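> Use these hints to put chain D onto chain B, whose structure you have.
Chains as they are written, first to last, in my numbering: chain B, 474 to 584; chain D, 47 to 162.
Keep in mind that a hint or two might mislead.
[What the hints assert, rightly or not] Simulated crosslink set (DSS-like; lysine-lysine; CA at most 27 angstroms straight-line):
hint, chain 1, residue 1, chain 2, residue 2
1, B, Lys542, D, Lys61
2, B, Lys515, B, Lys531
3, B, Lys522, B, Lys581
4, B, Lys531, B, Lys581
5, B, Lys515, D, Lys57
6, B, Lys522, B, Lys542
No wet-lab data here; the hints were simulated from the structure. Just so we're clear, the structure is a prediction, and the values are computed from it rather than from any experiment.
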Amino acid sequence: AQSVTQLDSHVSVSEGTPVLLRCNYSSSYSPSLFWYVQHPNKGLQLLLKYTSAATLVKGINGFEAEFKKSETSFHLTKPSAHMSDAAEYFCVVLRTYKYIFGTGTRLKVLA
Amino acid sequence: GAGVSQSPSNKVTEKGKDVELRCDPISGHTALYWYRQSLGQGLEFLIYFQGNSAPDKSGLPSDRFSAERTGGSVSTLTIQRTQQEDSAVYLCASSLVDRGREETQYFGPGTRLLVL
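Extracted from the complex, chain B is given alone in its bound form:
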């Protein structure tokens, strides 16, 4: 069955430095994968999605993720963190029609 594992529950970076949020997936076939962001007391917002087209996916707000089948990974990156990026990030795999969520990574951006 499909699942995702977010390797870090908390990540802290300084403003202007790169961001790396890690996600590994488990799937018996090529999955549909997503990253969502949730700001405090806000709903979930789609950052980007992978659906077996290009392996490097560009999303909103300068985020991107690379699908690596050999490593079963779908890590989220951003070259330069901004204070407004502080939020919780969820890696998601689509199983039939259900979203299976990772446990989330809380990103803290230090001034």
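Only chain D this time, still in chain B's reference frame:
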């Protein structure tokens, strides 16, 4: 255009009371989902509606939980005899279905339920 809306945004109730949570999906989206976000449990699937098909209720945690979708649009999630462990944020999402495949899910802001 308008996104998914949910009401109320916050609900405080007493243990044992019934509550109803409402979701208005994006117009034209035929698929509708309910999820629950709680401390310690993360985000979990509750129920799925697609068109006129029988809903997938496999994620409902107990028979105190039920949901309906009237006219293929608005959905109501009902929790009977609420318990303190029902306290959580209840999220609704909707999506298009293209050639039998669900597309991206768009989420509402959620209803924060607190059971005292």
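> Decide, hint by hint, whether the structure agrees.
Now the hints, each set against the structure:
no. : hint                   : result
1   : Lys542(B) to Lys61(D)  : violated (48 angstroms)
2   : Lys515(B) to Lys531(B) : holds (23 angstroms)
3   : Lys522(B) to Lys581(B) : holds (23 angstroms)
4   : Lys531(B) to Lys581(B) : holds (22 angstroms)
5   : Lys515(B) to Lys57(D)  : holds (16 angstroms)
6   : Lys522(B) to Lys542(B) : holds (15 angstroms)
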